[in-house]
Amino acid sequence: MSPQYQLVGSTFDTGLYAEVQQFYSRQMRMLDDGVVDGWAESFTEDGVFSANAHPEPAVGRAAITAGARQAHAALTEQGIQRRHWLGMLDVEPQPDGTINARSYALILSTPRGGTAQVQLSCVCEDVLVRADGRLLVRERRVTRDDLLEQ
Amino acid sequence: MSPQYQLVGSTFDTGLYAEVQQFYSRQMRMLDDGVVDGWAESFTEDGVFSANAHPEPAVGRAAITAGARQAHAALTEQGIQRRHWLGMLDVEPQPDGTINARSYALILSTPRGGTAQVQLSCVCEDVLVRADGRLLVRERRVTRDDLLEQ
Amino acid sequence: MSPQYQLVGSTFDTGLYAEVQQFYSRQMRMLDDGVVDGWAESFTEDGVFSANAHPEPAVGRAAITAGARQAHAALTEQGIQRRHWLGMLDVEPQPDGTINARSYALILSTPRGGTAQVQLSCVCEDVLVRADGRLLVRERRVTRDDLLEQ
Numbered sequence: 001m002s003p004q005y006q007l008v009g010s011t012f013d014t015g016l017y018a019e020v021q022q023f024y025s026r027q028m029r030m031l032d033d034g035v036v037d038g039w040a041e042s043f044t045e046d047g048v049f050s051a052n053a054h055p056e057p058a059v060g061r062a063a064i065t066a067g068a069r070q071a072h073a074a075l076t077e078q079g080i081q082r083r084h085w086l087g088m089l090d091v092e093p094q095p096d097g098t099i100n101a102r103s104y105a106l107i108l109s110t111p112r113g114g115t116a117q118v119q120l121s122c123v124c125e126d127v128l129v130r131a132d133g134r135l136l137v138r139e140r141r142v143t144r145d146d147l148l149e150q
Numbered sequence: 001m002s003p004q005y006q007l008v009g010s011t012f013d014t015g016l017y018a019e020v021q022q023f024y025s026r027q028m029r030m031l032d033d034g035v036v037d038g039w040a041e042s043f044t045e046d047g048v049f050s051a052n053a054h055p056e057p058a059v060g061r062a063a064i065t066a067g068a069r070q071a072h073a074a075l076t077e078q079g080i081q082r083r084h085w086l087g088m089l090d091v092e093p094q095p096d097g098t099i100n101a102r103s104y105a106l107i108l109s110t111p112r113g114g115t116a117q118v119q120l121s122c123v124c125e126d127v128l129v130r131a132d133g134r135l136l137v138r139e140r141r142v143t144r145d146d147l148l149e150q
Numbered sequence: 001m002s003p004q005y006q007l008v009g010s011t012f013d014t015g016l017y018a019e020v021q022q023f024y025s026r027q028m029r030m031l032d033d034g035v036v037d038g039w040a041e042s043f044t045e046d047g048v049f050s051a052n053a054h055p056e057p058a059v060g061r062a063a064i065t066a067g068a069r070q071a072h073a074a075l076t077e078q079g080i081q082r083r084h085w086l087g088m089l090d091v092e093p094q095p096d097g098t099i100n101a102r103s104y105a106l107i108l109s110t111p112r113g114g115t116a117q118v119q120l121s122c123v124c125e126d127v128l129v130r131a132d133g134r135l136l137v138r139e140r141r142v143t144r145d146d147l148l149e150q
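Protein chains in written order, with the working numbering: chain A, 1 to 150; chain B, 1 to 150; chain C, 1 to 150.
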């Protein structure tokens, strides 16, 4: 049975679990506040961002940054504040030193003067690595629930 | 005053707190992905699942499994991806070695090709036990906010 | 660059992170269940609660309590169960011993017999202090996304 379908075993690392939570909080806060350069630095230089909503993955920090910048500019023009919530985090250190981190993701949108709405429900599956003591995303795969095929 | 209405005291166990978070992440991922047998194994053999939405509790792993399997089959037929989010977790180890874990629960639904929606807001109150090093649910009580009586 | 836009550094405190999560769980549970006195005791006697939805901050525990009591009475009269979800927590201990805690906040409402809805998306920025071993809120600033100015 694949690892995400096993209950917690004996290798659980408390400190890492909380650190990944804090990492995501800061990473998403930067994205949502339009601090795109800072956000991009949370990916490795050769990071890969793939999604079932995109035909091709974005490869490399520059491509990932460009996509995020464009998306944020469009939201700003529409007067929309977006918030990425990650939750239901599952952290699993790998023998090669990388870290598999799976979570549920909600994207909420609030138009200026309007009502907050859940826009998307997704699963986010990351491969994290540590560089100079810090966590970075080497691979991210986002699967939107509305685009799942049965 | 009952324990859930007291601020954090000196007995707080950091490691346990994160472990319960990870336990719930995997447990709910199994339920939402239809890995019902795996999900059922997160309850004790004599586990009890009660809810203010059900006239009687489900008693024992077999009954709990049957309910979950039926619910998942119905969602699959309707092309709905459901997600259980637990948050606002409160973990309180008991003198007898059991663990009280209270959380808020949101159930979100996304129809294939449609829009994600919050379907239910609940409170989830568990009694967890440890067996062979792993956490298991011995009792779960789910209270839907829409069915609360004043 | 301001601290919330930096990735996690070497000063991260695992135990504190989980403790703040548990603190918020209990604090919000008290508010949502109308245990207003208990909730008010999670603020310092001279605590300050400010919000971009309010022209003036509430200063002191008595003023904070009065506001919460009024809000809860109105919801009870309308038969609405409210839930405060904090997530995406970022905890940053300060050199002076205080703790900066930033989080996203969702407020959900469920009318008796009705459907749960996300009502507000906010950012919550707290200064926490420790007194007699317990965390307390000395300053809280809540920023509603729908009232953000560009």
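No lab work stands behind these hints: they were computed from the structure.
Using N, Cα and C, we set each Cβ at its ideal position, and we do this for glycine too.
Do not rely on the hints blindly, as some may be mistaken.
Stated by the list, open to error - Pulled from the structure, derived: some chain B residues nowhere near chain A, Cβ distances all over 12 Å: (1) E19; (2) N52; (3) G67.
To be verified - The calculated label-pair distances, taken between Cβ atoms and stated as ranges, are: (4) C/G97 <-> B/D46: 44 to 52 Å; (5) C/L147 <-> A/Q119: 13 to 21 Å; (6) B/G97 <-> C/Q94: 47 to 55 Å.
Consistency of the hints with the structure:
no. : hint                          : in the structure
1   : E19                           : 6 Å, violated
2   : N52                           : 23 Å, holds
3   : G67                           : 19 Å, holds
4   : C/G97 <-> B/D46: 44 to 52 Å   : 48 Å, holds
5   : C/L147 <-> A/Q119: 13 to 21 Å : 19 Å, holds
6   : B/G97 <-> C/Q94: 47 to 55 Å   : 37 Å, violated
Hint compliance for this structure: hints 1 and 6 are not met, and every other hint is.
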